[in-house]
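Enquirer: What follows is the residue order along each chain.
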Amino acid sequence: NAGVTQTPKFRVLKTGQSMTLLCAQDMNHEYMYWYRQDPGMGLRLIHYSVGEGTTAKGEVPDGYNVSRLKKQNFLLGLESAAPSQTSVYFCASTHGLAGGLYEQYFGPGTRLTVT
Amino acid sequence: AQSVTQPDIHITVSEGASLELRCNYSYGATPYLFWYVQSPGQGLQLLLKYFSGDTLVQGIKGFEAEFKRSQSSFNLRKPSVHWSDAAEYFCAVGPRSGTYKYIFGTGTRLKVLA
Chain E
-16 NAGVTQTPKF RVLKTGQSMT LLCAQDMNHE YMYWYRQDPG MGLRLIHYSV
34 GEGTTAKGEV PDGYNVSRLK KQNFLLGLES AAPSQTSVYF CASTHGLAGG
84 LYEQYFGPGT RLTVT
Chain F
12 AQSVTQPDIH ITVSEGASLE LRCNYSYGAT PYLFWYVQSP GQGLQLLLKY
62 FSGDTLVQGI KGFEAEFKRS QSSFNLRKPS VHWSDAAEYF CAVGPRSGTY
112 KYIFGTGTRL KVLA
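Quick mapping for you: the protein sequence lines, in order, are chains E and F. Anchor point for the first sequence: position 29 equals 12 in the numbering used here, and the numbering is continuous, going up by one each time. Anchor point for the second sequence: position 15 equals 26 in the numbering used here, and the numbering is continuous, going up by one each time.
Bound conformation, chain E alone:
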């Protein structure tokens, strides 16, 4: 099993450009997440999905959109990139247990620079 994979691994954008980050998981997990990680700020949740066709906002959703058309894929879009979106982006997935959710499985990350 590949686990959680992210495409691309690195990307440089100019301000105003758009791009889509792809997250794929092969564990049949219901729940998927997008985080950004910035120095000294830990992980901040951008958007998440509790199942195919569903999405929900996290704590820092502005400037991002997501889609979950297939259970195994979770896409993160930047419509008009800004320098403040320079960050490392992580995707994670998990499944449920009685009373909550199991541990998250993380992808290797996408390092995005917006100039």
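For the record, the hints were derived by calculation from the structure and aren't laboratory data. Among the hints, erroneous ones may be present.
No farther apart than 25 Å at their CA atoms in a straight line, the calculated lysine to any residue pairs in the SDA-like style are these [stated by the list, open to error]:
1. E:Lys(-8) <-> F:Glu99
2. E:Lys40 <-> F:Arg107
3. E:Lys40 <-> F:His93
4. E:Lys54 <-> F:Gly109
5. E:Lys40 <-> F:Ser108
Since chain E is already given, all that's left is putting chain F on it; use the hints.
Expert: Below, chain F alone, put in the same frame as chain E:
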């Protein structure tokens, strides 16, 4: 409010010394607790988890953690640190029924001296 606090931003230990990384949480119910490790340029890898039962849990790479309800803590320990343990460590609380968000601490960066 629900939160996870890792009081130590940086910790430096000598190789072979013991290690304890602190984690305190604020959560209404009995929490599900996790420790993750992140090596430079990598994603987060699960070290260990606590859901219920024995409050001392064993993880990978020789790590263990103890859940102390009275202190709202879930500290990570290792009796003898190896140079390869240098990384950033994150404590997290997992979502309970009806919620979906994990709460992460801001991390503790561990440096190991040879």
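Enquirer: Please go over all the hints and tell whether each is borne out by the structure.
Expert: Tested hints:
1. E:Lys(-8) <-> F:Glu99: Cα-Cα ~20 Å, so holds.
2. E:Lys40 <-> F:Arg107: Given that 25 Å is the threshold and the Cα spacing comes to 18 Å, the pair holds.
3. E:Lys40 <-> F:His93: violated (40 Å)
4. E:Lys54 <-> F:Gly109: holds (20 Å)
5. E:Lys40 <-> F:Ser108: holds (18 Å)
Hint 3 from the earlier list is the only one contradicted by this structure; the remaining hints agree with it.
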